[in-house]
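Which chain is which? The protein sequence lines are A and B, in order. Last residue of the first sequence? That's 305 in this note's numbering, and every number before it is there in order. Last residue of the second sequence? That's 305 in this note's numbering, and every number before it is there in order.
No wet-lab data here; the hints were simulated from the structure. None of these values were measured; they are calculated from a predicted model. Quick reminder that beta carbons are idealized off the backbone N, C-alpha and C, glycines included. Certain hints may be false.
To be verified - Some, not all, of what chain B presents toward chain A, calculated at C-beta under 10 Å:
#1 25
#2 63
#3 72
What the hints assert, rightly or not - Ranges of calculated distance between the beta carbons of each label pair, as one might list FRET restraints:
#4 A/189 x B/212: 48 to 58 Å
#5 B/156 x A/72: 20 to 30 Å
#6 B/188 x A/212: 57 to 67 Å
Protein chains: 2
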Amino acid sequence: MRIAADPYTELRNRLFEAELLFSTGVDGLYGRSDTYQGIADAVDHLMHRWGHDVGATVVHLPPLIARSTFDSTDYIRSFPDLVGSVHVFNGGDRDHVELVRRVSAGGDWPALLEPGEIVLSPAACYSLYPMCAGRLPAGGRYFEVSGYCFRHEPSTDPTRMQAFKMHEIVYVGEPDTAQRHRDDSLARGLSILTDIGLDVTATPANDPFFGRLGAALAAGQLDEGLKFEGVTAICSDDRPTAVMSANCHRDHFGAPFGIETATGAVAHSACVGFGVDRITIALLVRHGLDPSTWPGPVRARLFS
Amino acid sequence: MRIAADPYTELRNRLFEAELLFSTGVDGLYGRSDTYQGIADAVDHLMHRWGHDVGATVVHLPPLIARSTFDSTDYIRSFPDLVGSVHVFNGGDRDHVELVRRVSAGGDWPALLEPGEIVLSPAACYSLYPMCAGRLPAGGRYFEVSGYCFRHEPSTDPTRMQAFKMHEIVYVGEPDTAQRHRDDSLARGLSILTDIGLDVTATPANDPFFGRLGAALAAGQLDEGLKFEGVTAICSDDRPTAVMSANCHRDHFGAPFGIETATGAVAHSACVGFGVDRITIALLVRHGLDPSTWPGPVRARLFS
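Pulled out of the complex, with its shape left as it was, chain A reads as follows (with noise of 0.2 Å):
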């Protein structure tokens, strides 16, 4: 019997196989090899030229945030199954005999475990609400954002990993500028994607809110508009994948984190996110696994 592979796991094992990316044993958390990487680095870059042209405040985050943060920001309500939260040992000597005995049995020593002071960041942009707590400058604030984000939705999939890069301009200020920021960026976001030989097309989308709760969410999201993605055909032209988003937050952030335009509203806020793993990626698939041999024009965008 012949067993067909999905097309995902098949584009996995051809990745694997070039030694693109390296099984850590865990679907969705995987090692980069140099090649790979030197592609990531190069759309960073691609993003980090866009920060420099709007005079953003650029942040190279750290792949957790204070729980305080990630609680105000309501994800629980929308995403828990996505979540990771870290735990930590806060035993004395006693606790770490039984805590050693339990590894060795293979049980649970989790159990003995606290939550920490710490979660897995879930998106790049959300450390930041808080540093910008108080009254902003006249015009609002760009930021340029990035790091490692964390989701728990393990797959064969390569492009939904459990441990990714997100690279994020974020602008938060002005209600009306928030609203430009996202419509603006959606269209540059799209153009920067289709000079790197990539065919992307912008569709209106909503989050993958969990459960009863947020099928109401979804609903809204999509009826006003707030979040529109960049998709592109990786492993199936039905069913595409998203590797931008453009987003209107509203007050989502600047209410429960205090942050104030300069006359003293609640500030608003927008983001363009890129999944930097998704477009490296996506460019491997439309160009070819060896990136020495890519059409001269996408190889001078990246790489020069």
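Following the hints, complete the assembly by docking chain B onto the known chain A.
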């Protein structure tokens, strides 16, 4: 009353004020400015040249490792207090309602989570060993690995981060070559750090093993000369900070991960690891907070 800040808090305040690091609200978890990241990337590049010289396979690692890998490293026996275990939500709609209720009440929502299949990576090289399982080629293999690591030790000392970048050159193979890699790497590492203007001294060291179980491990490691550190004064001449370490693991990883030499013996391993953030901060303290004013030869070695 004047409150005298300790030198660690004082240094951190200077790095915050210069906007080289950004506070996330948690001690040991910082955003990095583009200037800071540029120095860190240059430090990474020094190690990358080394990896290239020894024909290393380069693997850029995510900040998480498989729990099964973690359990095999015996980390829990040595450093339970530094562990970060990732817990996830496996519940349905009803559990979700309770989760949201607890978040709103400021309550203990993480108690509803379960241990996931992953743990925060405590050392860059750990994910590597399962990739090496089986028979090695004659002469063994070199790897260059880097990535974010985690250690749960909240501190106001900016060189003692919870999330920090580590860069390692690892050898896996023959016992003699492993021992020689440790010794040669110590010398080469000291030379690289001296060349960028740091005053680094080699010293026998032990890991900060936990509690009663750990005291014997620490004594054994020192007696057998398995670990050496390169230390430099950052905040204090009396208590210099380790910025690199060179370690002989003997069969500590080869045995549990089933790694064999070309002749079928249990493989030995050794690594030299660099604390990229500690080296970055040591450079900022040594040469000043504005890299454009650093001595020409240091700039040439790092940025050209």
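Is it true that the C-beta distance of residue 189 of chain A to residue 212 of chain B lies inside 48 to 58 Å, as the hint says? 55 Å, holds
Taking the closest Cβ pair, is residue 63 of chain B under 10 Å from chain A? Constraint on residue 63 of chain B satisfied, holds at 4 Å.
Proposed interface contact between residue 72 of chain B and chain A, which counts if any beta carbon pair is under 10 Å: Constraint on residue 72 of chain B satisfied, holds at 6 Å.
Any CB of chain A closer than 10 Å to the CB of residue 25 of chain B? 5 Å, holds
Hint check for residue 72 of chain A and residue 156 of chain B - Cβ pair distance inside 20 to 30 Å: The hint (20 to 30 Å, Cβ to Cβ) holds, given that residue 156 of chain B and residue 72 of chain A are roughly 23 Å apart.
Status of the given 57 to 67 Å range, CB of residue 212 of chain A versus CB of residue 188 of chain B: 58 Å, holds
When each numbered hint is compared with the structure, no violation occurs for any of them.
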